[in-house]
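Chemist: Construct all of the structure, not just a fragment, from the sequences and the given hints.
2 protein chains.
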Amino acid sequence: MSAYRQLVDRFKQISSIRGASAMLGWDAETMMPDGASGVRGEQLAALAAVAHEKITDPAISDWIEEAKGEGLEGWDAANLNEIERTYRHANALPADLVAELTKATSNCSHVWQAARPKDDFEAFSAAFEPVLKMVQEASVAKSEALGLDPYDALLDEYDPGMTSAQIDEYFGALQDFLPDFVTEALDYQEKNRSFSALEGETPTAKQEELGKKFMTALGFDFNHGRIDVSAHPFCGGVPGDVRLTTRYNETEFSQSLQGVLHETGHAMYELGLPEEWRGQPVGQARGMSMHESQSLFLDMQLCRSDEFFAYSLPVIRETFGVGGETWEAENFKRSLLKVERGLIRVDADEVTYPLHVMLRYRLEKALLSGDLQIADMEAAWNDEMKKSIGVVPDRIGNGCMQDIHWPSGIIGYFPTYTIGAMIAAQLFDTVKNQVPTWADDVQKGDFSSIFKWLRENVHHKASLYSTPELITQATGKPLDVEVFKKHLQTRYLGA
Amino acid sequence: MSAYRQLVDRFKQISSIRGASAMLGWDAETMMPDGASGVRGEQLAALAAVAHEKITDPAISDWIEEAKGEGLEGWDAANLNEIERTYRHANALPADLVAELTKATSNCSHVWQAARPKDDFEAFSAAFEPVLKMVQEASVAKSEALGLDPYDALLDEYDPGMTSAQIDEYFGALQDFLPDFVTEALDYQEKNRSFSALEGETPTAKQEELGKKFMTALGFDFNHGRIDVSAHPFCGGVPGDVRLTTRYNETEFSQSLQGVLHETGHAMYELGLPEEWRGQPVGQARGMSMHESQSLFLDMQLCRSDEFFAYSLPVIRETFGVGGETWEAENFKRSLLKVERGLIRVDADEVTYPLHVMLRYRLEKALLSGDLQIADMEAAWNDEMKKSIGVVPDRIGNGCMQDIHWPSGIIGYFPTYTIGAMIAAQLFDTVKNQVPTWADDVQKGDFSSIFKWLRENVHHKASLYSTPELITQATGKPLDVEVFKKHLQTRYLGA
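Protein chains in written order, with this note's numbering: chain R, 149 to 643; chain P, 149 to 643.
Treat the hints loosely; a few may be bogus.
Remember, identical chains collapse to one label, so a pair may be satisfied in a single copy or spanning two.
Straight-line C-alpha distance at most 30 angstroms; calculated DSS-like pairs for lysine-lysine [to be verified]:
#  : residue 1 : residue 2
1  : Lys-202   : Lys-160
2  : Lys-634   : Lys-513
3  : Lys-339   : Lys-354
4  : Lys-266   : Lys-534
5  : Lys-361   : Lys-251
6  : Lys-160   : Lys-251
7  : Lys-251   : Lys-202
8  : Lys-633   : Lys-534
9  : Lys-600   : Lys-634
10 : Lys-592   : Lys-481
Hints listed in this document are in silico derivations from the structure and should not be mistaken for laboratory results.
Modeler: Encoded structure:
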């Protein structure tokens with residue numbers, strides 16, 4: 149067997165083990181009785197240890213070197229690159245550090261969960277200190293192994309090929325634009341976009357029915373996936389068996405519905421990855437920015453367009469058996485496009501959301517480099533919030549302690565939310581140009597032309613290209629902040 | 149670290165990997181969308197391969213030898229014995245044979261599923277031939293590795309310590325007794341036990357409610373388990389996270405209810421295993437006969453007793469909102485204790501069930517030894533059915549092709565059903581003597597005294613003793629066919 153073939157077999161095996169973990173992770177959030185968390189933890193730890201053994205096997209390094217001389221081309225060559233990248237990430241950190249970091253982040257997430265509602269920064273920071281210290285160590289180790297700056301070395305795991313230099317450029321342009329734009333959009337909203345709260349009942353069973361109707365219409369394959377309920381919605385499972393979740397709020401159905409559409413975007417990406425490369429590194433989704441672009445393509449672009457409302461609103465009214473003035477198109481749309489200066493990222497609208505993200509990006513870079521001390525986090529956060537979004541946290545639980553990312557040791561992930569939003573805008577802009585029937589199709593509830601385009605230009609490409617290359621190939625140009633700005637202006641200023 | 153400690157860690161890891169497989173197996177039967185079976189198969193194969201690597205690691209053999217000199221006692225000594233037995237079973241078969249057998253049984257089960265409804269013996273036997281040949285090879289290999297007769301070597305995996313010599317003795321006595329007894333019981337039934345079909349509706353939602361009520365009353369811990377629906381009811385998961393299933397038949401609620409009680413018996417055993425030995429071979433349930441004794445203790449002994457009916461029938465009537473003559477105690481009881489000469493094992497009552505099992509035991513021993521050829525299976529089966537149960541299959545799908553065991557390569561398992569039934573009778577007989585309040589307790593719906601006894605005498609003993617030792621310790625004497633016969637006589641002849 150060739151060295152490359154050995155690698156293919158090995159990574160297929162690792163993928164299956166990780167796939168098993170993904171299914172158990174889904175089960176833990178949806179089906180598992182509470183008392184089983186200890187047993188489940190042991191199962192997941194055992195699988196993680198086995199996957200780690202398999203990927204740090206020194207034979208892999210030899211196979212990689214040998215495979216480089218095998219004259220691979222196209223997908224195979226790209227697969228070998230991804231294999232090497234994955235191998236380097238896995239082997240960059242000493243086993244002790246991985247084990248210690250796992251323990252520390254598990255502890256810190258736990259502490260955070262209890263400390264946040266009590267605004268207990270002392271408890272949080274005591275648990276976060278060793279986490280940050282070890283993430284710093286990890287970033288230095290990865291920096292050496294990958295030949296990247298420490299922050300970029302972390303970022304590379306979530307978004308290969310993206311660098312903080314690029315992000316600085318995108319975010320610089322956005323930061324120049326957004327604060328004033330928020331003010332403009334709020335003025336415009338106050339003058340032109342008042343709306344009344346939607347009236348009538350939207351019971352959970354009907355919300356579930358509605359979500360499934362839209363999923364089916366969008367092309368979600370229930371033969372290869374399902375939807376359930378969890379405390380925090382997510383898209384889990386594996387390509388070929390996608391498990392997405394939502395939660396239902398009887399007094400605000402759009403939260404659940406947009407959540408379902410968002411996770412369906414993630415799911416369609418996973419389901420659309422090329423079957424022939426399943427289980428191989430090159431067959432995986434291309435990083436978290438691209439993944440977020442697929443969820444936001446549905447949630448924020450397509451499914452908040454007038455064309456989508458023309459299709460969806462009659463379905464919504466019929467499913468709930470509601471009607472009257474508050475359910476007229478204009479009022480409904482305004483209720484879904486409300487802009488607000490808020491404290492909480494996960495509740496933010498698409499205009500203010502990037503400001504939340506960019507603030508975190510600046511602070512986490514400073515935390516990683518040591519320019520910002522944990523003791524000074526709150527002051528820095530509040531100061532940035534005031535400047536950027538114009539509000540100051542009423543309490544620290546609604547401030548720098550609100551997200552689970554840092555307590556989990558996740559630094560380098562936040563930017564992908566906003567890069568994803570920008571990609572989504574650029575993809576939708578391209579679809580509008582390249583799929584002439586899109587508007588008619590969508591109004592009729594036919595999404596096949598749009599997904600055909602997404603499949604061909606994004607999903608089927610998997611990890612064949614880097615994120616920047618993929619964007620350029622799909623949209624004809626590099627990621628362009630102007631497209632996103634234009635989208636916001638059109639939608640929120642009626643421009 | 150001592151050699152024994154190394155073994156403990158290794159077997160804990162193997163147990164976690166197998167536990168992960170068990171959860172995925174449950175998911176495949178209850179939650180997984182059909183299209184995902186291929187991906188799931190790859191995940192399960194990867195986990196099986198990893199578990200196999202871990203258990204065939206040559207280091208284990210050295211650790212076992214070294215640990216034997218460490219002066220272990222009690223549970224640790226028993227654990228070392230179980231570790232060695234598990235290791236020997238896993239290492240008895242060459243890897244090639246395991247892989248080939250897995251493929252052949254997977255194919256044969258698949259072929260069987262399609263061939264049975266079509267009575268296609270030709271297709272079945274073609275697929276079964278290589279399976280039988282490899283099981284014969286496996287039995288010889290295990291025979292050499294374990295120092296047991298070939299059939300006993302297979303049996304040892306399902307019921308350690310049980311031998312075909314012992315089973316021959318038990319089954320000989322039962323076979324002498326049962327055929328005539330069936331005739332007597334049927335006569336008695338015809339003369340004294342006519343009943344009317346239960347009237348009224350028993351919708352699925354109410355059946356589910358009822359099942360959960362009884363599970364709760366029996367002490368099932370929903371914080372460490374759950375119940376769902378599957379095509380074939382089973383008790384899956386792991387101790388600490390038990391997943392049982394049932395199916396609902398709106399026109400015959402007792403099928404589902406007795407199924408729930410049966411699986412709850414299995415579940416209570418798993419949940420009652422000693423927590424401090426979880427993940428170790430000695431901490432596992434003591435074989436399939438003992439496991440079946442726990443399900444039949446509920447299904448056939450306790451939950452078909454007059455004392456249980458006194459508690460359960462009012463609950464059943466109230467839950468369904470039914471009443472009238474057909475729901476009076478005597479009529480209800482007769483409907484649940486009906487004896488019948490039938491063709492199908494899984495539909496058989498407790499009187500004829502052992503005859504189905506003993507027939508299979510005789511035939512599978514003959515198939516394994518080569519005394520019976522596959523081509524002669526049907527004739528032998530029909531002949532035995534006529535002699536033993538007094539009915540002849542109308543078609544082969546209701547005859548020698550009815551069970552999934554043989555197509556799955558499972559030989560040596562069937563006897564455990566009837567050994568389990570005998571153990572159940574003997575345990576309940578002992579409970580009646582040793583738990584003076586049992587009858588009053590049960591009539592009040594309080595099962596704590598009975599489960600306290602089962603926990604102490606069976607569940608908490610896990611695999612500390614062999615099955616025969618465990619029976620003797622719990623009931624004060626070796627397994628005794630007379631107890632089972634007496635139970636049948638009392639229940640079915642009113643003796």
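Chemist: Does each hint fit the structure? Answer for all of them.
Modeler: Hints, one by one, checked against the model:
For the homomeric pair Lys-202 and Lys-160, the shortest alpha-carbon distances inside one copy (11 angstroms) and between copies (19 angstroms) are both at most 30 angstroms. Taking identical chains as interchangeable, the C-alpha atoms of Lys-634 and Lys-513 lie at most 30 angstroms apart only when both belong to the same chain, with a minimum of 28 angstroms there against 79 angstroms between chains. For the homomeric pair Lys-339 and Lys-354, neither the shortest alpha-carbon distance inside one copy (34 angstroms) nor that between copies (56 angstroms) is at most 30 angstroms. For the homomeric pair Lys-266 and Lys-534, the shortest alpha-carbon distance inside one copy (23 angstroms) is at most 30 angstroms, but the shortest distance between copies (75 angstroms) is not.
With identical chains, the CA atoms of Lys-361 and Lys-251 are never at most 30 angstroms apart, being 42 angstroms at best within one copy and 40 angstroms at best between copies. In the homo-oligomer, the alpha carbons of Lys-160 and Lys-251 lie at most 30 angstroms apart both inside one protomer (28 angstroms) and across protomers (19 angstroms), since each shortest distance falls under that limit. Taking identical chains as interchangeable, the C-alpha atoms of Lys-251 and Lys-202 lie at most 30 angstroms apart whether they share a chain (21 angstroms) or sit on different chains (25 angstroms). Taking the shortest alpha-carbon separations for Lys-633 and Lys-534, only the intra-copy value of 22 angstroms comes in at or below 30 angstroms, while the best inter-copy value is 84 angstroms.
Taking the shortest Cα distances, Lys-600 and Lys-634 sit within 30 angstroms of each other inside one copy (25 angstroms), while across copies they are farther apart (71 angstroms). For the homomeric pair Lys-592 and Lys-481, the shortest alpha-carbon distance inside one copy (18 angstroms) is at most 30 angstroms, but the shortest distance between copies (60 angstroms) is not.
Taken one by one, the earlier hints fail for this structure at numbers 3, 5, listed in ascending order.
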